[in-house]
Amino acid sequence: VVGHSNSLDINAEELTFSRTAAGHIASRPFMSSVSVLQMVIDAGSPRPDPQGAADTYRWDVRGVNNNSLGTRELVVNVKTKTVYHFNFVSDRQ
Amino acid sequence: MRILVRPNEPHVAGTPVYRKGEHSFDFLPAHPERLARAERTSIVIGTLQIEVAIPGGLLLFVWGYNPSATWQRGVVPDRTAAVAALGVESEEPLVRGVSVRVGSSPAWITRYDPRNDWVGVVQMESEAEEYFEFATGTIAGLNHEGKLVELLIKPAFLD
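Sequence order for the protein chains is U and V.
Read the first sequence against our numbering and you will find it ends at 97, with the numbers running on by one and no gaps.
Read the second sequence against our numbering and you will find it ends at 747, with the numbers running on by one and no gaps.
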């Protein structure tokens with residue numbers, strides 16, 4: 005994937021999901037894909053979580069899922085290497 | 589996107605929780621075997637998700653990331669709500685793993701009322717006319733057009 009540099013040096017294989025997020029992976033196959041996770045990390049420019057959690061960064065990366073255009077949203081605590089949020093949100097409302 | 593009452597469906601029993609260490613809501617269903625896991629998506633307010641069954645669009649429960657650091661302390665009134673199942677009516681079909689945003693304008697804010705432990709996710713400048721408890725401790729406030737304008741959650745707070 006050609007994209008922005010992975011400025012936080014995050015490796016998807018090192019990440020674990022929060023208990024909450026892990027409990028919903030079964031109904032969201034993309035969440036269990038390490039390659040998709042790494043693609044988001046490498047393609048996006050992380051910013052400090054706008055919702056203000058400490059040590060937490062957010063990525064928003066444009067993409068396609070199940071033929072829908074939208075945005076992959078990823079929120080990671082980079083200190084504990086924990087994924088709090090990983091979702092794909094369609095452009096349509 | 590409109591929300592409609594589903595008179596022939598049961599509401600979802602369980603316990604809403606807030607995991608403080610994960611900054612996240614979750615829901616512990618009383619009968620998890622009754623909730624089909626494979627076919628789901630969600631409608632979302634920011635990073636907060638209302639889980640939806642596919643097909644049919646039945647609203648199941650609320651979960652997702654919502655840091656309490658952003659919550660405003662304020663009054664979240666105890667609402668009288670009818671216990672009822674709710675479904676989402678969408679112009680386009682719901683797709684597994686593809687979330688759909690509830691209207692983002694006007695903005696939504698989250699309020700926490702320490703007197704009663706209700707958390708209210710409320711769309712500014714909007715007013716709910718009817719309230720429905722579609723899952724235990726989880727109330728949807730709908731406006732006159734059937735649009736979701738309030739989401740009220742009374743979670744058990746976990747570390």
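Think of the hints as simulated: they come from the structure by calculation, not from any bench.
Careful: at least some of the hints might be erroneous.
Okay, derived cross-link-like pairs now, BS3-like style, lysine-lysine, Cα gap no bigger than 25 Å in a straight line [what the hints assert, rightly or not]:
#, chain 1, residue 1, chain 2, residue 2
1, V, Lys608, U, Lys83
2, V, Lys742, V, Lys608
3, V, Lys608, U, Lys85
Query raised in the report: Straight-line Cα separation of Lys742 of chain V and Lys608 of chain V no greater than 25 Å?
Result: holds, 14 Å
Query raised in the report: Does Lys85 of chain U lie within 25 Å of Lys608 of chain V when you go C-alpha to C-alpha?
Result: holds, 17 Å
Requested in this report: Quickly compare the C-alpha distance for Lys608 of chain V and Lys83 of chain U to 25 Å and report which way the hint goes.
Outcome: The given pair, whose Cα atoms are some 17 Å apart, holds under the 25 Å limit.
Of the numbered hints stated above, none is contradicted by the structure.
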